[in-house]
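Protein chains in written order, with my numbering: chain A, 1 to 118; chain B, 1 to 139.
Each hint should be verified, as a subset may be incorrect.
As the list claims (entries may be wrong) - Far from chain B by the CB rule (all over 12 Å, computed), these chain A residues: (1) Q55; (2) R62; (3) Q69; (4) A73; (5) L102; (6) E116.
Claimed, not checked - Taking beta-carbon pairs under 8 Å as the criterion, some of the chain A residues facing chain B (in silico): (7) A43; (8) L99; (9) V106; (10) E107.
What the hints assert, rightly or not - Pairwise CB distance ranges (calculated): (11) A/A100 / B/R41: 24 to 34 Å; (12) A/Q51 / B/P44: 19 to 29 Å; (13) B/V104 / A/Q50: 23 to 33 Å; (14) B/A18 / A/D85: 35 to 45 Å; (15) A/S54 / B/D95: 52 to 62 Å; (16) B/E37 / A/S54: 39 to 49 Å; (17) B/E97 / A/A78: 54 to 64 Å; (18) A/E47 / B/L61: 39 to 49 Å; (19) B/T8 / A/E107: 19 to 29 Å; (20) B/S36 / A/G40: 42 to 52 Å; (21) A/R27 / B/V100: 44 to 54 Å.
Quick caveat, the hints were computed from the structure, so don't treat them as lab data.
Glycine included, every Cβ here is placed at the ideal spot set by N, Cα and C.
Take a look at the letters that make up each chain.
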Amino acid sequence: MKESAVAERPAGPDIVLRAIADPSRRRILRLVRGQSLPAGEVARHFEMTQQAVSQHLKVLQRAGLLTEQRQGARRLYALRPEPLDQVRAVLDDLWPDALARLKDVVEHDLNRNQQEHR
Amino acid sequence: MNQPSTVTATVRISATPAEVFPYLVDASLLARWMGSEVDVRPEPGGVFAMNVGAAIRGTYLAVEPPRRVVFTWGLPGNDALPPGASTVEILLTADGEETVVNLVHHDLPADLRADHLAGWTSLLDRLRGAALSLPDRRG
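So here's chain A without its partners, still in its complex pose (with noise of 0.2 Å):
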């Protein structure tokens, strides 16, 4: 079996942001999260088109959310899970920026204060 993650280079967290702010794809991510998956078997969990499903399945490929396996003439789609990492990466920086802004804020109080006192 042959197996292939179609992102060449690894996506940003925004790429990755915008391919899971649709519910549709993170219904996909569902189903292909324990098993893999041919895209007519997603299709099949949804209403639209399997067109439309297409479309869902290369978006989230291209953020690397999928990796594709080809089993004959089938091609079975799976989650990747390591993109997230990196949106988990944008609340590891709220710390540290608000931190940052509190020793702004004091630093320029006290500085503040003292000119006062003079």
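Using the hints, position chain B against chain A.
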């Protein structure tokens, strides 16, 4: 991979711990660096709520001036990180004429499981927006 994880952050401030501490417990001071719509009652069991882009709700677990503050941190209605799910501890340590601020955020979900994608996406989108919309830090 689903083990809870910890985020740490540190900063050095040219001030004493006693000068920094009010910025961890006073609503109008918190509003200048951590979030908006601050509603806090700084005592064990007291509310810790604000908007950091998303509405954060928690409870102070420890308030020990001028060295230590601990509060819970979560998002009402968010299955990835509900109120009470994670804990933030901030320690102030004097070092010469400076204060070292050590922050540890415990029990964050380690990965973004597919079940939680919706909650994470909306949270992270709002946090990114919030970074741009905080009041002017010099204000």
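> Tell me, which hint numbers fail for this structure?
Replying inline: 5, 7, 12 and 13
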